[in-house]
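Visitor: Given next are the chains, with one letter for each unit.
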Amino acid sequence: MTAAVFFGCTFIAFGPAISLFLFTIAREPLRVIFLIAGAFFWLVSLLLASLVWFISVQISNKESASQQKGLLIFGVVLSVLLQETFRFAYYKLLKKANEGLLALSQEETMPISILQLAYVSGLGFGFMSGAFSVVNILADSVGPGTVGIHGDSQHYFLSSAFMTMAIILLHMFWGVIFFDGCEKRRWFVVAAVVVSHLVVSCLTFQNPQYVSSLVPTYIIMLSMGIWAFYTAGGSLRNLKLCLTCKDKDFLLANHRPR
Amino acid sequence: MHFQNILVHLQFHFIGNYALKQPSNEPISPVHFIYIAHLTTENVSNVLYIAKKKTIKDSEDHTTTLSSLSGDVGVLHLLESEENLDWVLRTGLHPPYMVIMESALFTRSVMMKLKNGSSRVAGVAVVVPSANPPQGFSPHNKCPNENSGVYSESYGPTLAHCNTTVWNPLGNGLSYEEFDFPIFSLKDDNDTQLIKQCYVDHNRPVNGSDPQYPLCAMQLFSHMSAVTNTATCMRRNTNGFTFSPESICEPLGDHNIWAPAKPLNTTQKGHKAGESMVMATLDSRSFFSEIGPGAESAASGLITLLAAAHALRNATQEAQLSRTIFYTFFHGETFDYIGSSRMVYDMEKNQFPIDLDNVHSVLEIGQVGLFSSSKVWLHTDPVSRRNGSVEEEVKKLVSNLQTAAKGLNVSVEEPGVTQPLPPSSLQRFLRARPFPGVVIQDYSSSFANMYYQSMFDNADSLKMSYPPNLTPEEQLNYVTDTAKVRAYMMLRLLVNTANFYISVERQTSLPTVLVQHLLANLTGSTANVTQEDCKNQRENQDDKESKHVSYSWVQGAAPPNSTERKGFCVRSTVHGTKALSPAFELEDYNSKDYSTWTESNWKQIKGRIFLVASHDLEVNQSAKATHSRVLLNGPRCQGLYRLLT
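Quick note, the sequences are listed as chains A and B, same order.
Residues in the first sequence are numbered consecutively from 22, following the working numbering.
Residues in the second sequence are numbered consecutively from 113, following the working numbering.
Quick caveat, the hints were computed from the structure, so don't treat them as lab data.
Be careful, since some hints might not be right.
[Said to hold, decoys possible] Away from chain B, derived, C-beta distances all over 12 Å, residues of chain A:
hint: 1; residue: 80
hint: 2; residue: 88
hint: 3; residue: 116
hint: 4; residue: 118
hint: 5; residue: 124
hint: 6; residue: 164
hint: 7; residue: 169
hint: 8; residue: 171
hint: 9; residue: 175
hint: 10; residue: 206
hint: 11; residue: 216
hint: 12; residue: 252
hint: 13; residue: 258
[Said to hold, decoys possible] DEER-style ranges, computed between Cβ atoms:
hint: 14; chain 1: A; residue 1: 176; chain 2: B; residue 2: 320; range: 22 to 32 Å
hint: 15; chain 1: B; residue 1: 619; chain 2: A; residue 2: 54; range: 55 to 65 Å
hint: 16; chain 1: A; residue 1: 85; chain 2: B; residue 2: 290; range: 50 to 60 Å
hint: 17; chain 1: B; residue 1: 229; chain 2: A; residue 2: 232; range: 52 to 62 Å
hint: 18; chain 1: A; residue 1: 80; chain 2: B; residue 2: 605; range: 44 to 54 Å
hint: 19; chain 1: A; residue 1: 240; chain 2: B; residue 2: 193; range: 49 to 59 Å
hint: 20; chain 1: A; residue 1: 176; chain 2: B; residue 2: 308; range: 19 to 29 Å
hint: 21; chain 1: B; residue 1: 228; chain 2: A; residue 2: 240; range: 56 to 66 Å
hint: 22; chain 1: B; residue 1: 637; chain 2: A; residue 2: 84; range: 53 to 63 Å
hint: 23; chain 1: B; residue 1: 198; chain 2: A; residue 2: 163; range: 27 to 37 Å
hint: 24; chain 1: B; residue 1: 320; chain 2: A; residue 2: 36; range: 37 to 47 Å
[Unchecked claim] Think about it this way: if two alpha-carbon atoms lie no more than 35 Å apart in a straight line, the pair counts; the simulated DSBU-like pairs of lysine-lysine are:
hint: 25; chain 1: B; residue 1: 254; chain 2: B; residue 2: 461
hint: 26; chain 1: B; residue 1: 374; chain 2: B; residue 2: 690
hint: 27; chain 1: B; residue 1: 508; chain 2: B; residue 2: 690
hint: 28; chain 1: B; residue 1: 225; chain 2: B; residue 2: 299
hint: 29; chain 1: B; residue 1: 254; chain 2: B; residue 2: 647
hint: 30; chain 1: A; residue 1: 83; chain 2: B; residue 2: 374
hint: 31; chain 1: B; residue 1: 308; chain 2: A; residue 2: 83
hint: 32; chain 1: B; residue 1: 508; chain 2: B; residue 2: 374
hint: 33; chain 1: B; residue 1: 308; chain 2: A; residue 2: 90
The structure presented is a predicted model; accordingly, all values stated were derived computationally and were not measured.
Note that beta-carbon positions come from the ideal geometry of N, C-alpha and C, so glycine has one too.
Whenever a hint applies, use it, and build me the whole structure from the sequences.
Guide: Take a look at the structure:
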């Protein structure tokens, strides 16, 4: 549907994520590496989920619409569970890697904290997930046509883009919360992450009533964001100091050594 | 992970027409754009686009167009009348438009108006009816092949350019016009109904108010590579110069099929006893590509000649004739006599088994399918008849034909007035020297064929119909004479299946192959030759000499109580020679003497319909939109940046 829609939807979907990447991750090679590894882990989980999906669709009855719908729901649930499993697996891997890194490096402190790892891996998951959600839609949006010849809603592209943005940010928040829960062995936190992921994915079954799927998703995203902020050690005081550029301790701590 | 709707794209494939480069001796260089869309009813659920797959199994998509490389998009408009053109050309608010019209509106005046307003026209789609229009339709010129025949300023100037009689009065010359937009033809089926329904749902103005976006639109792809005219196009071909030769256009060509009644010695070129050449044409065309039914203009003549060849088989073998008959089928006659000009050229250059000296007389069978009141007309050339000896021979020919026709229900007459020959291959022979010749046609002063060189020149135009309620066996018995049955069946086969368009040289058209094998079967005899020898064109293992006969292997039918076909070899005198215009041999692409028609190469031919949103969202405006988003970072939050890095 023309270049305007293409660029608009691309920036909506990936804008926040790319700016986060550029400003916080791009300068540190270690963070970039772990981000890409995180994306790869998500990709593997998708591969497994799609294998199962593919086989089950082939052996199912293609004519029956209810069976196909049931299969779809099963596919979504399975995929969410697999993604979270791989998030856990990545956490375990990172813990092991950190010990190794510590042994190898000459410094006494870890070059990258577990919190940064959580953030970076969450964003990696988010990037890959967003890409797979929205790239084919973007590719079609470049052509001359728009949605609607079969009577579907015109807002397809836009709502897909917003949904993708929410998902990417959610993955990042979930990453932070999840790793923290695993660190402190608070399993209800982990369960909360899994449950909210399931809820968000199942909300998409409401499409094409885009309002009823987007609004709850954004509410969940905001709440997850606040939770992740507090998990990462943020507080209202910190926020105020940061925004008014007055927190000298923080500035000093992040000052790069000469 | 959430699964979104999967976008599926199919495209409905349009079969377009060829872009024919006009020879440069024409004042304009027409490039034709004609498309034929064949849509099937296969409908897959699809969010963005509706497209269909084509049903026709033809391998080549011929297209012509000046559609842009990425296809032309236009808002659909169903043309209701010629007055409705005003909406498309002036008053409509959402140009460019893709005009859909019934074939009744596919006239010269409508198309010329669209051509003049082509900045607002993205393309045209013509819905082809199942019945032929009763008032006739011919996209060819009123005076076909007027510049490539024999009549010119130096030969019968009063007869040239249809001054005495217009051969094709219904001709509107659309096939020779140049259009800047693609023109497709649609069959009137479910898919076309869908297109019309989309127009009605989204595009039709309601109660005088203008239709609002999103509007239903159609995109047609038929990019043609060829440009300007043949000379420019052939020059731009890079065949042989680069590692990846690319040809933009290719000359039209095929093969001429000929067979002498008695075998000649083909290796020895030149002097034989006088031959009487009997000729017919193999090709036809229409405005749209891949449709060239040519029932009256091609099939009628060639079937008649085939039937005659078969009927005379025994007579010519046994009788001692002073002259032999030379059956010839020319291809490409529609396009300024490609086949016949090539044969005459070969004869002049002694490249052909017989010479122009050996040709004694010429009889041509033209359009003979529509003879009314059982009259058949014999046309002759008045200029050559001024010569006494030629006049004598022509008179003899005519009286022979009239004698032969006495016993039948057909009367054979000459048109009483002095008029030129109709467009026929004999004209090319007359350009070389004055032969006595007669052209048999079913009309006296203008074509009886109301659909000359159009897509409607089919079985219906020949009025080939049986009384209803006959079973196939009864239908066969309806025509009693076996010879007639055979001819009738051949005719039916040809008009229903064959596309008579000549196409490019490397593609042999179906009629050529059919006629070659039919002629072999009908004039040849069974030979006791093995399949391998037959396919290798020799009598037996020891036979090494080059032959004046040709062998073709017939698969045969399976006998009643087995499934194995019983094949046999047929020995005949049938040969094929290249029918490529001499202009391409001489590399004279601006030739005034020979045909210089070429066909463009193309990319894909297809089309699809979808909804379009407002023009505001397109590229020009979008630059503004993206600009405003970039201004997010102001000078206030520099501290923030430092924190995060």
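Visitor: For every hint, state whether the structure bears it out.
Guide: Hint check:
1. 80: holds (19 Å)
2. 88: Given that every Cβ of chain B is farther than 12 Å from that of residue 88 (chain A), nearest at about 15 Å, it holds.
3. 116: Consistent with the label, residue 116 (chain A) stays out of reach of chain B, its closest Cβ about 26 Å off (over 12 Å).
4. 118: holds (25 Å)
5. 124: Given a closest Cβ separation of 29 Å, the condition holds.
6. 164: Residue 164 (chain A) not clear of chain B: closest Cβ-Cβ about 7 Å, inside 12 Å.
7. 169: violated (4 Å)
8. 171: The assertion about residue 171 (chain A) is violated, with a minimum of 6 Å to chain B.
9. 175: Violated: least Cβ distance 7 Å, not greater than 12 Å.
10. 206: Per Cβ check, residue 206 (chain A) is outside 12 Å of chain B; nearest 28 Å; holds.
11. 216: Since the minimum Cβ distance to chain B is about 15 Å, residue 216 (chain A) lies beyond 12 Å and the statement holds.
12. 252: holds (18 Å)
13. 258: Non-interface label stands for residue 258 (chain A): nearest chain B Cβ at 15 Å, farther than 12 Å.
14. A:176 to B:320: 22 to 32 Å: holds (30 Å)
15. B:619 to A:54: 55 to 65 Å: holds (58 Å)
16. A:85 to B:290: 50 to 60 Å: holds (55 Å)
17. B:229 to A:232: 52 to 62 Å: violated (45 Å)
18. A:80 to B:605: 44 to 54 Å: Cβ of residue 80 (chain A) to Cβ of residue 605 (chain B): about 48 Å, so the range 44 to 54 Å holds.
19. A:240 to B:193: 49 to 59 Å: Since residue 240 (chain A) and residue 193 (chain B) have Cβ atoms about 57 Å apart, the given range 49 to 59 Å holds.
20. A:176 to B:308: 19 to 29 Å: Given range 19 to 29 Å: holds, Cβ gap about 28 Å.
21. B:228 to A:240: 56 to 66 Å: Since residue 228 (chain B) and residue 240 (chain A) have Cβ atoms about 60 Å apart, the given range 56 to 66 Å holds.
22. B:637 to A:84: 53 to 63 Å: holds (60 Å)
23. B:198 to A:163: 27 to 37 Å: holds (34 Å)
24. B:320 to A:36: 37 to 47 Å: The hint (37 to 47 Å, Cβ to Cβ) holds, given that residue 320 (chain B) and residue 36 (chain A) are roughly 44 Å apart.
25. B:254 to B:461: Given pair residue 254 (chain B), residue 461 (chain B) holds - Cα atoms ~34 Å apart, limit 35 Å.
26. B:374 to B:690: The hint holds at about 22 Å.
27. B:508 to B:690: Holds - the C-alpha atoms of residue 690 (chain B) and residue 508 (chain B) are around 33 Å apart, at most 35 Å.
28. B:225 to B:299: Roughly 24 Å separates the two Cα atoms, so the pair holds.
29. B:254 to B:647: With Cα atoms ~46 Å apart, residue 254 (chain B) and residue 647 (chain B) exceed 35 Å; violated.
30. A:83 to B:374: Outside the cut-off at roughly 67 Å; violated.
31. B:308 to A:83: It holds: about 32 Å lies between the C-alpha atoms, which stays within 35 Å.
32. B:508 to B:374: holds (23 Å)
33. B:308 to A:90: holds (33 Å)
Checked against the numbered hints given earlier, the structure breaks hints 6, 7, 8, 9, 17, 29, 30 and satisfies all the rest.
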